[in-house]
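*Asks:* Here is what each chain is made of, one letter per residue.
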Amino acid sequence: MNDNNHFFSRETWTALGFLLPLAGFVVIFILVPVLGTLTDSFFLDVTYRPRRYLGADNFIWLASDPEFGRALRFTLLFVLVSVPLEVILGLIIALVLNERLPLRGLIRAAVLVPWAIPAVVSGRIFELIYNYSYGAANYLLTTLHLTPEPVNWLGSEIGAFLALVAADSWKTTPFAAIILLAGLSAIPDDLYRQAKVDRADFIQRFFKITLPLLKPVLIVVLLFRTIEALRVFDLIFVLTGGGPGGATTSVSLFGYSYFSAGDFGYGSAASVILFIMAFGLSLGLIKLGRVEQGLMP
Amino acid sequence: MNEDAVKRPIILAAAAVTILFCLAPFGYMVLTGFSRYPDFFSPDTPWIVTLSNYRTVMASESLHFTAFLRNSIIISAASAVISVFFASLAAYAITRLSLPGKLFFMFLILSLSMFPPVSLVGYLFKLMTALGWINTYPALILPYVAWTLPLSLWILVSYFSQIPRDLDRAGLVDGCSRMQILIKIIFPLAAPGIFATLLLAFIFAFNEFLFALLLTTDHAARTIPVGIALFEGLHGQIPWGEIMAAATLATMPVVVLALIFQRRIIQGLTRGAVKE
Amino acid sequence: MSHFQVVSYLVSESKKWVLSLMPAFIWLLCACGSANREAVVFAVGGAPAEVAFWEELLGDFERQSGIRVEVLRQPADTDQRRQGLVIALNARKPEPDVFLMDIAWIGLFVASGWLEPLEGKMDAAPFFQRVIKMADRHQGQLMALPVYVDGGILYYRRDLLERFRLPGPPATWDELLSQALTVQKAMRETNPRFYGFVWQGAQYEGLVCNFMEFGGSKGGFSRQEDGLRLDTAANRTALAFMRDLIWRHRVSPPSTYTEMKEEEVRLYFQAGNALFERNWPYAWSLHQNPASKVKNRIGMAPLPSSPGSKPVSTLGGWHIGVSRFSEHKHQALDLIRFITSYDTQKKIMLRMGWNPGREDLYDDPDVLSRAPHYRALKDVFQNAQPRPLLPYYTQISAIVQRYINSVLAGRESAENALNSAQHGIDALQQRYEPK
Chain A
944 MNDNNHFFSR
954 ETWTALGFLL
964 PLAGFVVIFI
974 LVPVLGTLTD
984 SFFLDVTYRP
994 RRYLGADNFI
1004 WLASDPEFGR
1014 ALRFTLLFVL
1024 VSVPLEVILG
1034 LIIALVLNER
1044 LPLRGLIRAA
1054 VLVPWAIPAV
1064 VSGRIFELIY
1074 NYSYGAANYL
1084 LTTLHLTPEP
1094 VNWLGSEIGA
1104 FLALVAADSW
1114 KTTPFAAIIL
1124 LAGLSAIPDD
1134 LYRQAKVDRA
1144 DFIQRFFKIT
1154 LPLLKPVLIV
1164 VLLFRTIEAL
1174 RVFDLIFVLT
1184 GGGPGGATTS
1194 VSLFGYSYFS
1204 AGDFGYGSAA
1214 SVILFIMAFG
1224 LSLGLIKLGR
1234 VEQGLMP
Chain B
28 MNEDAVKRPI
38 ILAAAAVTIL
48 FCLAPFGYMV
58 LTGFSRYPDF
68 FSPDTPWIVT
78 LSNYRTVMAS
88 ESLHFTAFLR
98 NSIIISAASA
108 VISVFFASLA
118 AYAITRLSLP
128 GKLFFMFLIL
138 SLSMFPPVSL
148 VGYLFKLMTA
158 LGWINTYPAL
168 ILPYVAWTLP
178 LSLWILVSYF
188 SQIPRDLDRA
198 GLVDGCSRMQ
208 ILIKIIFPLA
218 APGIFATLLL
228 AFIFAFNEFL
238 FALLLTTDHA
248 ARTIPVGIAL
258 FEGLHGQIPW
268 GEIMAAATLA
278 TMPVVVLALI
288 FQRRIIQGLT
298 RGAVKE
Chain C
790 MSHFQVVSYL
800 VSESKKWVLS
810 LMPAFIWLLC
820 ACGSANREAV
830 VFAVGGAPAE
840 VAFWEELLGD
850 FERQSGIRVE
860 VLRQPADTDQ
870 RRQGLVIALN
880 ARKPEPDVFL
890 MDIAWIGLFV
900 ASGWLEPLEG
910 KMDAAPFFQR
920 VIKMADRHQG
930 QLMALPVYVD
940 GGILYYRRDL
950 LERFRLPGPP
960 ATWDELLSQA
970 LTVQKAMRET
980 NPRFYGFVWQ
990 GAQYEGLVCN
1000 FMEFGGSKGG
1010 FSRQEDGLRL
1020 DTAANRTALA
1030 FMRDLIWRHR
1040 VSPPSTYTEM
1050 KEEEVRLYFQ
1060 AGNALFERNW
1070 PYAWSLHQNP
1080 ASKVKNRIGM
1090 APLPSSPGSK
1100 PVSTLGGWHI
1110 GVSRFSEHKH
1120 QALDLIRFIT
1130 SYDTQKKIML
1140 RMGWNPGRED
1150 LYDDPDVLSR
1160 APHYRALKDV
1170 FQNAQPRPLL
1180 PYYTQISAIV
1190 QRYINSVLAG
1200 RESAENALNS
1210 AQHGIDALQQ
1220 RYEPK
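Chains as they are written, first to last, in my numbering: chain A, 944 to 1240; chain B, 28 to 303; chain C, 790 to 1224.
Please keep in mind that the hints were generated in silico from the structure rather than gathered at the bench.
Computed from a predicted model, the values in this text were never measured in an experiment.
Glycine included, every Cβ here is placed at the ideal spot set by N, Cα and C.
There's no promise every hint is true.
As the list claims (entries may be wrong) - Cut-off 20 Å, straight-line C-alpha distance, at most; resulting in silico cross-link-like pairs (PhoX-like, lysine-lysine):
1. C/1167 to C/1135
2. C/1084 to C/1099
3. C/1167 to C/1099
4. C/910 to C/1118
5. A/1151 to A/1139
6. C/1136 to C/1099
7. A/1151 to B/34
8. B/34 to A/1139
9. A/1230 to B/129
What the hints assert, rightly or not - Which residues of chain A face chain C? A few of them, derived with a C-beta cut under 7 Å, are:
10. 955
11. 991
12. 994
13. 1205
Next up, chain A with everything else stripped away, as it sits in the complex (with noise of 0.2 Å):
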């Protein structure tokens, strides 16, 4: 009910009131934090010596510094390769999960447990998994005689990344499957078994039906998960530590390591690149939910 005496109505500033929290939170543990980070990039912040003023030094040196250019084409062909085998797994487990089947209470629950448990302790389950000795994962290709020796996984770069990508895809894949179904399932009945009338096969159904009215749904299952891989971090700490040499360390773990040395300045300057990456995408990712809104009726 609007009360005109007033500039602002009574119901608007209940509802201020009501955002007021929630708007403090967000504001003072994520907006600030980002702000400080930002600002912190510019200046020499490190624990033995006075903080001084740098100008863009720290992206300057960021932009020469080797171990960085290595951070980010690690962490960008993370991305490129996880992500797509994790939605098209993820597409073919919704796939299953939408037909009638028994048990399907089961399986959904046997779907939900990698995504539940912490990414840390599935890293360690992997540590173990592709351990040289001790592994499951040689000691099936030893007696599956797939290769001749046990490989060593986490000792050379390639065996580290593939190690990564198989973790991170077991984790993940249950989040990429759980949505698509829900959209596999918005999909009515009647326009399959219209197609069917029409003697459409599986293959065009597929893709004349399925993939275009699940589209905005593979649209936004594909940003975040491209957002959350691009910010990985538990993961590659407890598996590989950054890799053999700094081969599988991702933009976060490089600012980490420099905070855990006590030079703020230059990890804030990585952390700025990483989240600007992240932040571009993710306004592609509103600028599209925007869009599909407005197709939407």
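Chain A is already provided as a structure; the job is to place chains B and C on it using the hints.
*Replies:* Just chains B and C now, with coordinates in the frame of chain A:
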């Protein structure tokens, strides 16, 4: 007809593979926790089942494992409750009260959750140091609340918008304030949604790692993910059995919650991502 | 049901649970973290067996002194141990009160103002004076004490040198090379995997240690007025020599620069597949294991040097310090006195095989009967050379590791690599040294 006959076994096989894929590593962890030797599947090593790993992990004081578990549960629960409460307030305002730029606000909040934790943690560390809160519960609870608020908001908006506004009007006519309407009318009706959001917020806070790693220093406030990441066990060089036993215990809370409330959780997640 | 009935029903039902939740809520918020602890907290890491030894040792201390000590377990990984300490100290937490530091971190900890000076409270006389001078004393103040020390040494197969009638262990690198070539050629007839010299060349901290030793007293990091210099003639020669060992003379395996770290090198030598090994003293007792193929066939010697320069053994080891923010400094000092006492250091040596930081123990009859090679080791430690104790040493090391390893991999010339490394070091110094 033919298609279905071919399709059925493929689907069943795919379902079996899915279950295997999802549960195999988890089962491997559980089995190793109960084994004397980590390579128990090798024909050279006998498979001895033992509880000693669990005994060591739970009983050894210097491992502080129960402290980690306790810290995690309290911190995650507190964060979830506070987060859901404040998100409910905001969700109520967004779904029922008139305010310009609501959608923009929601997208803004959502975008804030896209920030990489590493871009926040440096400043948070300094903030918490200045407040003297490093290695205390508030150092983690407050960032976790902020971190889970966007997700909670989106899910609750989706649930709240399904509750008819007539009920509000009835309450207003009765003389209730907006807060009373929220607590006495909306909460009970949206209870399933609120519960789902609580679960999700709890799980996210429970599994968080980077903040916990940098904002705590020992078992006074350290959480389970950090405990597991840095866990070395008690004997020999690398006691995998003990590590896996600890990992199994660490995941018990979230796995049990996920299994019991799988319907709610899935509902909550999809509400947050898919607009119906 | 009308809307009014729904509302009334809900209003009455929900009053109860909201009220009951409030107190629990408030209690949760007040359940804070650390309270002031009454014990001295000692942070130490390592393999679980090692930490267990420390716990036992500290149990003795508690019984003797009545001071309660709590062990803060850290992981085995060195970097993770440092991270844990940096976070706590940077946050000015009173715990841990006492901790062990890798010698490479002391520069960082001192410059950041995290250590409580021990000057006047601890007697540094019984320790290796060079170690104290180069690592523990800063601006005249004693900041830490060495608990155990390490230095690179040369292991050699005495039996093979005798068999091929070669005089004792080599004194220069050229001698080492010629002896390695001779023996390798002959041994390859029966053992195709035999190599003359195995050492750590993988891209990690150990590579820098090896590099300093190849460089000798004229090489390594030299401090000039304009800062740290690496692009010296002695280093160019040394780096070229390291590369030639792998590619030209082929006395060191190609895996040297990809995989060879301490354990890989030790295992290779222990399997009987090498004439010379560069490693830390820890390998001795493992080589003398009953199952070892080289048991009783080996000797230990200082590393060779180039003519005109003295041999260098890179100093490693762990030191103990007190946190400047500790609230139990008095008890912390008692703890340090205990850990660095003659008896405890002796126990550390006899039980764990770690080399004590106290020089006077190297003349102890029990120690010498257990480890006769300590006579030679004493000399090594008296002359060991630490890496630069700058607070940003880890970054310098990362740069140096990368370039040296790329020379070993054959990707760059020694001259270019050293120049590039020098550029990197200059940039770092420009960054961290106040103008």
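*Asks:* Does each hint fit the structure? Answer for all of them.
*Replies:* Now for the hints, and whether the structure bears them out:
no. : hint             : verdict
1   : C/1167 to C/1135 : holds, 15 Å
2   : C/1084 to C/1099 : violated, 30 Å
3   : C/1167 to C/1099 : holds, 17 Å
4   : C/910 to C/1118  : holds, 11 Å
5   : A/1151 to A/1139 : holds, 12 Å
6   : C/1136 to C/1099 : violated, 33 Å
7   : A/1151 to B/34   : holds, 19 Å
8   : B/34 to A/1139   : holds, 14 Å
9   : A/1230 to B/129  : holds, 16 Å
10  : 955              : violated, 24 Å
11  : 991              : holds, 3 Å
12  : 994              : violated, 11 Å
13  : 1205             : holds, 6 Å
In this structure, the earlier hints numbered 2, 6, 10 and 12 are contradicted, and the remaining ones agree with it.
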